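*Asks:* Here is how the chains run, residue by residue.
There are 2 protein chains.
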Amino acid sequence: HGSFSEEDMLERISDYHENDIAEAFELLSEAERKRWYRMFGPEQIAEIFSYIDDPDSYLKELPLDEAAKVLSYMDSDDAADILDEMDDSTQEKLVGLLDEESGHDIKMILSYEDDEMGSRMTTNFIVIHNNLTIRQAMRELVQQAGENDNISTVYVLDENDKFYGAIDLKDLIVARQQDNLEDIISTSYPYVNDHEKVDECIERIKDYAEDSIPVLTQEHLLIGVITAVDIVEAVDEEMGDDYAKLAGLTAEEDLKETTAQSMKKRLPWLIILLFLGMGVSSVVGVFETVVAVLPVVMCFQSLILDMAGNVGTQSLAVTIRVLMDETLSTKQKFGLVVKEMRVGFCNGLFLGILAFVFIGCYIWLLKSNPITHAFVISGCVGFSLMTAMVISSMVGTLVPMFFHKIKIDPAVASGPLITTINDLVAVITYYGLAWLLLIHVLQMV
Amino acid sequence: HGSFSEEDMLERISDYHENDIAEAFELLSEAERKRWYRMFGPEQIAEIFSYIDDPDSYLKELPLDEAAKVLSYMDSDDAADILDEMDDSTQEKLVGLLDEESGHDIKMILSYEDDEMGSRMTTNFIVIHNNLTIRQAMRELVQQAGENDNISTVYVLDENDKFYGAIDLKDLIVARQQDNLEDIISTSYPYVNDHEKVDECIERIKDYAEDSIPVLTQEHLLIGVITAVDIVEAVDEEMGDDYAKLAGLTAEEDLKETTAQSMKKRLPWLIILLFLGMGVSSVVGVFETVVAVLPVVMCFQSLILDMAGNVGTQSLAVTIRVLMDETLSTKQKFGLVVKEMRVGFCNGLFLGILAFVFIGCYIWLLKSNPITHAFVISGCVGFSLMTAMVISSMVGTLVPMFFHKIKIDPAVASGPLITTINDLVAVITYYGLAWLLLIHVLQMV
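Protein sequences appear in the order of chains X and P.
No gaps in the numbering here: position 223 of the first sequence is 223 in our numbering, and each next residue is one more.
No gaps in the numbering here: position 395 of the second sequence is 395 in our numbering, and each next residue is one more.
Next comes chain X alone, as it looks inside the complex (with noise of 0.2 angstroms):
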């Protein structure tokens, strides 16, 4: 280290990409970062930032102004994404210091909400009117690049500075002097409203496949854009976040968190649970005289619950993942849920046989009952599970349906209230019907 100059050093670590860059930056010693702010200056400070997920805890080692060149530097979208996390007075005297254009652009998009797609945007694009010709339009590119990077889609605004269309750099790149601008802009581009929420689009501009989608205000003024990396994090955080509530988490977790933060995350979801369960407890205490008589039964509720809510969990990602996906006519939502319940009904049917098979021979022969008792009993484990796992098709199908439908998010209210659901149709099937059949029915004790 005290071999190479800082020239040197500069520029063996310029060789390296900025994310390789930020990588390394994140192992510094706060001594050794301090220097790299000196030796790489603000612009560059800020495409380091750019790779790093949490910059904020850095830009606060850097004095106020010089955090605020380098937040002048950054794209809108990422430099709002680090004032959000800052408390309000750093946040003002921070965006009071950034050049005009900058601190605009940034006070823009820290005026939309975190799941709305103006706060997704950058106003990192080029512009260009649609009276040009093509030679003006390559030269209005070339001149805006400088500051702006986004440069694969053109957007074209009228002359009432409404959006009017994109232009793919590829047509603009190989079209001849003489062709009309017109001709290769298209007009019918697809585009999102700012105040869109974001996972209510995401799949939706996802389908489209192009480099950047434009941003609008109800007006149709342009106002930032949403490009491809903005999609992939958008994607990335929404599948994020449903495979978390899946699991029963509020929100997704990392390595870094606290224990603290991660017990809210996980005990408001438990203590749901944990009074739902009380009740699914009550109603098996109803049942405390079959159990009494006949200790054999409860040996297999936990097999029939946990397939219960097996199926249901299955069911339950399936029809989330499809009402996330489309706009179900309510034929089509019909035609899924009988359809989850014809799967349930032939999945039930073949695991019901085998329990009846399998458990009546353990009963038979390893608890030593005579075969007809051994039989009816595990005949009631192989009707209830079939039972149970229709229903919790059902249950499964119906329950986020009914929340996608009231508008309250499925994916995290559906869990707990399938579960109890389950548990309790499960407990009732199984041993209602041990108590008619075995007890009363067949009088077997």
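Derived from the structure by calculation, the hints contain no laboratory data.
Quantities reported herein were computed from a predicted structural model and do not represent experimental measurements.
No false leads were mixed into what you were given.
It does not matter which identical chain is used: a pair holds within one copy or between any two.
In silico SDA-like cross-links for lysine to any residue, where the CA-CA straight-line distance does not exceed 25 angstroms:
#, residue 1, residue 2
1, Lys-333, Asp-20
2, Lys-256, Glu-238
3, Lys-339, Glu-252
4, Lys-34, Lys-93
Fit chain P to the known structure of chain X by using the hints.
*Replies:* Relative to chain X, chain P alone:
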């Protein structure tokens, strides 16, 4: 419909984005589709097909030579995807009819396994040599852009035709004639190997936030690129797969699947779980005597098992996401296990106390048991709940780490094993404690 001439119609339709045209196309009858094929011609049909999820069924509606033409116009990776869905003899016939260049590219892509990066790449990219001037490079770009529309990154080869680096198109556009091409080439550009597994490198290349990433052979020959759109797709797929696996499905399902296909994806899990569940049942059977003399304890079995399962799933989901995202040192892994157990303990203590108080009151007041009796039982429940939660957290973290270590997909293998271990732990703790404390020590019966 009848009132429009075909030209009118074509012009009106062409105003829309290909993705919207594709959506409309899928709603047509076969006769209407056949009319579209004729009307649009192979180049535009190729465009439309690239926005359709399963275009192979539509391609079959075309005569073989027409179909080959459409494939030639498609991006090589999209064409390869379609051919992958066809039976071997049709595939062979179609590949034989392709023009030489497309045929070569598509055969190369088809030669990779589905989970290798090579199968996801496209050969649609711009490549130049590093000895050109800025002006020559620009001319090359314009020439190649007619055929290849992924132009935002220009790839550079050295004199041996090996991968040398990449140029951001923006830098090429703003460069002045007298500048040196070398100065705008980034020689430390990230890349992937053609045989790398998609799920192993997607998280890494996502972080570089580039519009495209080159795919190199072992010998550093540039054979294709992965675009941002491919990355969105791969991220979506990977996460969708994780999601499906967490829910106990072997793969993602969509609306169109038949009952038999869905059964096939769900049954493997369920059969394994059924037999593991039978194992748990036989352990529960050991405690039959406890339940026979003290039936009230069995009411809370479902509560403890469900909670242990929920906590285990939470730990599992967190661990899997962490393992997916980063390479952990042994120290970090140990840290994660300790943290998960700490979270499990804290949550368990809290919920255990809640259970102790509420269940105690329930048994005392609603089931009219003596107060000491009631709270000794609820104490058993609370203590077992806490123990089960700590152990579940540990198991939910260790099991996926173990499978990750021995290179078995933890997302698939962990679920059933964790459920079973947790059920066993919970059952043994709870009934064991009840047996020891209530029957032997306190001799409550």
